[in-house]
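J.: Line by line, the protein sequences are chains A and B.
In terms of the numbering used here, the first sequence has 65 at position 65, counting the first letter as 1, and numbering is strictly consecutive.
Throughout, the numbering used here is defined as the position within the second sequence, counted from one, plus 255.
Just so you know, the hints here were simulated from the structure itself, not pulled from any lab data.
A few of these clues could be false.
Just the calculated beta-carbon pair ranges, DEER-fashion [as the list claims (entries may be wrong)]:
#	chain 1	residue 1	chain 2	residue 2	range
1	A	L130	B	P342	27 to 33 Å
2	A	G33	B	N387	45 to 51 Å
3	A	K13	B	V545	40 to 46 Å
Here are a few chain B residues that sit away from chain A, every Cβ distance over 12 Å (derived from the structure) [said to hold, decoys possible]:
#	residue
4	R300
5	E326
6	L384
7	A447
8	E481
Dumping the calculated SDA-like pairs for lysine to any residue here, alpha-carbon to alpha-carbon at most 20 Å [what the hints assert, rightly or not]:
#	chain 1	residue 1	chain 2	residue 2
9	B	K329	A	T17
10	A	K94	B	K393
11	A	K13	B	E526
12	A	K13	B	T296
13	B	K363	A	R2
14	B	K265	A	G5
15	A	K94	B	M344
16	A	K95	B	E526
17	B	K329	A	K95
18	A	K94	B	K363
19	B	K329	A	M1
20	B	K363	A	G110
21	A	K94	B	G317
22	B	K365	A	E92
23	A	K95	B	K363
24	B	K312	A	R253
25	B	K381	A	E92
26	B	K365	A	R2
27	B	K329	A	T96
28	B	K480	B	K431
29	B	K265	A	R2
30	B	K329	A	E92
31	A	K95	B	R386
32	B	K278	B	T324
33	B	K393	A	E92
34	A	K94	B	R364
35	A	K95	B	K365
36	A	K94	B	T296
37	B	K393	A	R253
Every residue, glycine too, gets a C-beta built ideally from N, C-alpha and C.
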Amino acid sequence: MRNIGIIALREIKTYFTSPIAYVVIFVFLLLVGFFFYSSIWWFNSQSIQMAQNPYYYQQININQMVYSPLFHNMSIILLLMLPLLTMRLFSEEKKTGTDELLFTSPVQIGQIILGKYSAALVVLAAMLGLTGLLSVFTFAFGNPELAQILNGYLGLFLMGAAFIAVGVFFSSLTENQIVAAILTFGALLLFWILNWASYSATGIWQGVLNYLSIFQHFDDMTRGILDTTDVVYYISYAFFGLFLTYSVIQSRRWR
Amino acid sequence: MIDVEHMTKKYGDLVAVDDLSFKVEKGKIWGLLGPNAAGKTTTMRILTGYLPATDGKATVAGFDVFHETNEVKKIIGYLPEVVPLYPEMTVAEFLNFVAAIKQVPASKRKQALDRAVEVSRLENVKNRLIRNISRGYKQRVGIAQALIHDPEVLILDEPTIGLDPAQIIEIRQLIKSLKGEHTIMLSTHILAEVTQTCDGVVIINEGRLMASGSLEELTSSFRKKEGVILKLKQGHEEAGSWLEEISGVEKVSRQDSEFTIEWSRDKDLREAVSRLAVEKGWGLLEMRPVAMNIEDLYLRIVTGGTGQ
Chain A
1 MRNIGIIALR EIKTYFTSPI AYVVIFVFLL LVGFFFYSSI WWFNSQSIQM
51 AQNPYYYQQI NINQMVYSPL FHNMSIILLL MLPLLTMRLF SEEKKTGTDE
101 LLFTSPVQIG QIILGKYSAA LVVLAAMLGL TGLLSVFTFA FGNPELAQIL
151 NGYLGLFLMG AAFIAVGVFF SSLTENQIVA AILTFGALLL FWILNWASYS
201 ATGIWQGVLN YLSIFQHFDD MTRGILDTTD VVYYISYAFF GLFLTYSVIQ
251 SRRWR
Chain B
256 MIDVEHMTKK YGDLVAVDDL SFKVEKGKIW GLLGPNAAGK TTTMRILTGY
306 LPATDGKATV AGFDVFHETN EVKKIIGYLP EVVPLYPEMT VAEFLNFVAA
356 IKQVPASKRK QALDRAVEVS RLENVKNRLI RNISRGYKQR VGIAQALIHD
406 PEVLILDEPT IGLDPAQIIE IRQLIKSLKG EHTIMLSTHI LAEVTQTCDG
456 VVIINEGRLM ASGSLEELTS SFRKKEGVIL KLKQGHEEAG SWLEEISGVE
506 KVSRQDSEFT IEWSRDKDLR EAVSRLAVEK GWGLLEMRPV AMNIEDLYLR
556 IVTGGTGQ
């Protein structure tokens, strides 16, 4: 545990002494802010219209009309940006030769992987946490449901954690950061749209493809439904990514 | 302290280290000498636990490198060929990080850092970013990170490569000053480095052991033979067989107009050789002694001979 902390701390310092974390967080907040603004604007104009009609007035729901689309947009931005956050984790060490220091130190490979992984999780938490400021406005001027919002954030965090594990894996495969980022992005996008294939699939495959698709699991969460299968899905996704990383590093040393 | 027995490392079909065996004594500086691509880095990577060997056995301070890897990693300080540095950290931050992953307890880390900085003379650059310090300082940071946890064994892969002559002398003195407390193994392809800093040497080529032992042992075993190189103007065809006729001559070899004549150390046949050359009228142009020592052996290895 102590070793994981040491590795993670150094990695976090690197994120925040180099421009990477700032640029990623800045661009993320800018985009999320823009989406939030457009959703609120649309919500306002809808509310004014609906206020004319008592039936529709009952239907106005800030969670569904602002947060649900916002979470969807955030998840797509995460898909685009997290590969850039994870691409350097192992490939840079390999390129500069610092992996030789790490792997000849009395630290387990698993501890190194978990250290790096948690460092990226911290940056993800910072990205998501800072968007929480937006909710200050919605709570000040409206009455959204907190549990539903927290659910959405939990979903985003778990999804990001799964994305990061995939990124860590591809970073361990190559010493070229660009290659790592592109492979991660490609793999994530493929998993994202896997449910499209389920429309034409038959029998058990339809269920399998649907289950594997990231999109399918995220949909529930944005609507505020916390299903354990979704949580299990993301955690096993992350675990699988980290396990593959471990195998890659272990096998490279034995080759 | 370091004991390697029949170690072999293969990368697919390529044999990088071939049945290598040697021993390094405690508290001494041992050189691992060989031309480029001789298997020096691979050997060191195996000893430090970075790579596993394909076959054979290696122990460091009694711990098996393959089965007690973690114990070995604790007592080894390692400077890889490419100095592992994080350019965005300051020297002190970096050394502190290395101390932590080398399991130096938090309470002793400051002390360890101060000692490493002092020994490697890094006071001036302690708080500067590694990105901004000179090559010589980077190399010293590399040595400092290797000895920060006060390891029993130091393994230094080409510690003086790429430095200017003044820096090379400094690093060599630094390494010498670490002798006694630490057992040191350094690799190099420069023979002078071995004769100036090391107590013993392991010479390898193409992954195979060529010679190993303390410098005294090796020099005395090579001094058993002496010889001369003879440059002749004419009579190249007949000279070889005539020279072999001289009593006591063990070996004659020819390269164009130059003949190398060898005999055992207890004799001196120089006079007889020169007399013969003059009598036969071969036109003696040059006669010089052969250096029958470690330099000669190494030269033969580097120039592509097998070295015998």
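J.: Work down the list of hints and note, for each, if the structure agrees.
T.: Outcome of the hint check:
| no. | hint | result |
| --- | --- | --- |
| 1 | L130(A) <-> P342(B): 27 to 33 Å | 28 Å, holds |
| 2 | G33(A) <-> N387(B): 45 to 51 Å | 37 Å, violated |
| 3 | K13(A) <-> V545(B): 40 to 46 Å | 60 Å, violated |
| 4 | R300 | 8 Å, violated |
| 5 | E326 | 8 Å, violated |
| 6 | L384 | 9 Å, violated |
| 7 | A447 | 26 Å, holds |
| 8 | E481 | 45 Å, holds |
| 9 | K329(B) <-> T17(A) | 30 Å, violated |
| 10 | K94(A) <-> K393(B) | 18 Å, holds |
| 11 | K13(A) <-> E526(B) | 75 Å, violated |
| 12 | K13(A) <-> T296(B) | 31 Å, violated |
| 13 | K363(B) <-> R2(A) | 16 Å, holds |
| 14 | K265(B) <-> G5(A) | 36 Å, violated |
| 15 | K94(A) <-> M344(B) | 17 Å, holds |
| 16 | K95(A) <-> E526(B) | 61 Å, violated |
| 17 | K329(B) <-> K95(A) | 25 Å, violated |
| 18 | K94(A) <-> K363(B) | 30 Å, violated |
| 19 | K329(B) <-> M1(A) | 18 Å, holds |
| 20 | K363(B) <-> G110(A) | 26 Å, violated |
| 21 | K94(A) <-> G317(B) | 31 Å, violated |
| 22 | K365(B) <-> E92(A) | 28 Å, violated |
| 23 | K95(A) <-> K363(B) | 32 Å, violated |
| 24 | K312(B) <-> R253(A) | 17 Å, holds |
| 25 | K381(B) <-> E92(A) | 24 Å, violated |
| 26 | K365(B) <-> R2(A) | 18 Å, holds |
| 27 | K329(B) <-> T96(A) | 23 Å, violated |
| 28 | K480(B) <-> K431(B) | 32 Å, violated |
| 29 | K265(B) <-> R2(A) | 36 Å, violated |
| 30 | K329(B) <-> E92(A) | 25 Å, violated |
| 31 | K95(A) <-> R386(B) | 16 Å, holds |
| 32 | K278(B) <-> T324(B) | 19 Å, holds |
| 33 | K393(B) <-> E92(A) | 18 Å, holds |
| 34 | K94(A) <-> R364(B) | 27 Å, violated |
| 35 | K95(A) <-> K365(B) | 30 Å, violated |
| 36 | K94(A) <-> T296(B) | 16 Å, holds |
| 37 | K393(B) <-> R253(A) | 27 Å, violated |
Hint compliance for this structure: hints 2, 3, 4, 5, 6, 9, 11, 12, 14, 16, 17, 18, 20, 21, 22, 23, 25, 27, 28, 29, 30, 34, 35 and 37 are broken, all remaining hints hold.
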